[in-house]
Amino acid sequence: MNEEKASSRIKGIVVDAGHGGDDPGAVSGGLREKDFNLEAAKYMYQRFQDLGIPVAITRDTDATLTRQERVNKMKNTFGNTSDVLVISNHINSGGGEGAEIIYALRNDDTLARSILEEIGKEGQVTRKYYQRRLPEDPSQDYYYIMRDTKNTSPLLIEYGFIDNPKDVARLQENLLDYVEAVVRAVARYAGVTYVGPDGEVDNVYTVQKGDSLWSIANRFGVTVDALKEANNLTSNTLQVGQRLVIPSTTPTPPSGEYVTYIVKAGDTLYRLAQQFETSIDAIIDANNLQTTVLSVGQILRIPSNVTTTPEEPTPPATQVYTVQRGDSLWKIAQQFGVSVADLIAANNLTTNTLQVGQQLIIPGSGTVTPPTTTTYTVQRGDTFFIGNG
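Mind the numbering: the sequence shown is residues 0 to 388 in the working numbering, read in order.
One should not assume that every hint holds.
Taking lysine-lysine and the BS3-like style, the derived pairs with C-alpha atoms no more than 27 angstroms apart in a straight line are [stated by the list, open to error]:
1) Lys72 <-> Lys120
2) Lys10 <-> Lys74
3) Lys208 <-> Lys127
4) Lys10 <-> Lys149
5) Lys74 <-> Lys165
6) Lys72 <-> Lys41
7) Lys149 <-> Lys127
8) Lys208 <-> Lys227
9) Lys227 <-> Lys120
10) Lys165 <-> Lys127
11) Lys41 <-> Lys208
12) Lys10 <-> Lys41
13) Lys74 <-> Lys208
14) Lys10 <-> Lys263
15) Lys208 <-> Lys10
16) Lys165 <-> Lys72
17) Lys227 <-> Lys149
18) Lys120 <-> Lys149
19) Lys120 <-> Lys208
Distance ranges between label pairs, derived from CB positions [unchecked claim]:
20) Arg242 <-> Asn79: 46 to 54 angstroms
21) Asn75 <-> Ala281: 40 to 48 angstroms
22) Asp201 <-> Gly20: 33 to 41 angstroms
23) Gln357 <-> Asp197: 26 to 34 angstroms
24) Thr290 <-> Thr236: 28 to 36 angstroms
25) Gly195 <-> Asp82: 19 to 27 angstroms
26) Tyr129 <-> Asn71: 43 to 51 angstroms
27) Asp224 <-> Ser27: 54 to 62 angstroms
28) Asp34 <-> Ile360: 40 to 48 angstroms
29) Glu228 <-> Ala345: 38 to 46 angstroms
30) Gln354 <-> Asp59: 38 to 46 angstroms
To be clear, the hints were calculated from the coordinates, so they are not data collected in a lab.
Glycine included, C-beta positions come from ideal geometry on N, C-alpha and C.
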């Protein structure tokens, strides 16, 4: 069940609402491209947040961005590297019909093809996915968001034509369905469990360069044989872009013994144990976990007497813990079932060094019986500073 985090495939996503402010983009019949773009980008931004994928947005209002401002947000938010995905949302013009995807010269067509196929499944006419070169220098991309971002992996998505009445009708009715198709394709590409707006869990994975049946099986906590059987595979050979059905790792148990839970941002084993009135050890045993670290999108079997997933609980009261001699961040994190990173973030720590008597906020800890205080007689040479264990 040790599914990798989104950052293992994609460090982050920058969602771009094309044009904006003084630049309306394409205009037809009183409609402005920038308005469609903003609606699409804001929805996409929220959905990636829902899935726990690191995401930023270039503009979330009708703001004017210079070319350099837009590029800087694309390059600098998560870094100018190939594991940063840039998705620029647009509406086309020129009298054509349907959606099309442009991808950078430095990238392959795997994700572009997948996105266009998913948009087509939502009922939109699909045209093509392609690369476009600068006429005066064919070694360069035509669009500046691809040329100037250098190392990122950018896509320009044209959802339809603003001057085609059929497309306009579909865009006004179904634009967010098309955007959801993009989110779905990206989640599959990233190896993140896709959960739709209706709560339905997707079990499809898109094969990436370097993948093997073993690595995919290990990622999703299944066996190679189960993976081959679910996809009627007769060999271990995979192709980039191939889609695999991931067999369920959670058999349906008798009512009342287990519930299925999808890990969200901020979840810890301690918090889940409290929420479902069980123990950390019981969750670890039920899922054969080798680590207490959870990944967003990970599917867990939760031992519980609860027959349905409860509503989101009221956040528990925050526990304050007083550092004792011999404590370390790791030891305290283990004691309370949280991560060291959560402890550092909750207390704005800049070092792993603790002091006796220092008070730490335990994030999401609820009411925990504090450890018994022991008395210690200071010896010659003792100091208040404690190493990180």
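(request) Report the numbers of all earlier hints that the structure fails to satisfy, in ascending order. (result) 1, 5, 11, 16, 17, 18, 20, 23 and 26
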